[in-house]
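Participant: Kindly produce the complete structure, drawing on both the sequences and the hints.
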Amino acid sequence: MEVYRYSKNELRRKALNERRLCTKRFVFLKSLLISRKLANFIKLKKIKNVVSYSPINNEVQPNFFISNNVNIFFTKINAQTLRIVQSKSFKRGKFSVLEPFCGTYAFKKQIECFIVPALAFDKRGYRIGYGMGFYDKLLQNSKALKIGVGFDFQVKNFNIKEDKFDVSMNYIITEKRILKCRR
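Residue 1268 is where the sequence shown starts when you use the working numbering, and the numbers rise one by one after that.
To be clear, the hints were calculated from the coordinates, so they are not data collected in a lab.
Careful, some of the hints might be misleading.
[As the list claims (entries may be wrong)] As a list, the in silico DMTMM-like pairs of lysine to aspartate or glutamate whose alpha-carbon atoms are at most 20 Å apart: (1) 1428 x 1277; (2) 1315 x 1379; (3) 1281 x 1326.
Facilitator: Set out below in structure tokens:
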């Protein structure tokens, strides 16, 4: 498989524009399908502690069907890193992302699964995000399962050029498939 010949910033810009073209109806309906697959996957793997996210800019909404038997934590931007918080109260934080503003902080080692958004993925599980490195820092050295979620058009047929700090996903879940990533 060939490596994408453009810069990460160029791929980021193209992928963001591609996702911006999605209608709210498309995002909602495909998110329902993805969320159901994700919930079934989490149940099958007997995962109890999951870190998810609050979607922005037409990202997949992953949390529709996650069971009451699962502890859901969310990320909160703290300086240049993401903290893990369990909360039912949210407010707009940095970059207008809904974040927990009170709750219980968790340690990374307590988490069994991270649900991670992206602008684009390759089939090896590498991703393009917004370029701040928040998720790569959070996922570094974690033994937890890493599940990327996105729309099927976000999974590219070329390899994204990875840097040494990039962390790949174990699985990618779209409305059409569950892809086990091969690094």
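Participant: Could you run down the list of hints and mark each one as holding or not?
Facilitator: Here's how the hints hold up against the structure:
Of the supplied pair hints, the one linking residue 1428 and residue 1277 holds, its CA atoms being roughly 12 Å apart against a limit of 20 Å. About 7 Å separates the Cα atoms of residue 1315 and residue 1379, which keeps this hinted pair within 20 Å; it holds. Restraint check for residue 1281 and residue 1326: satisfied, since their Cα atoms lie roughly 15 Å apart, inside the 20 Å limit.
In summary, this structure violates none of the numbered hints.
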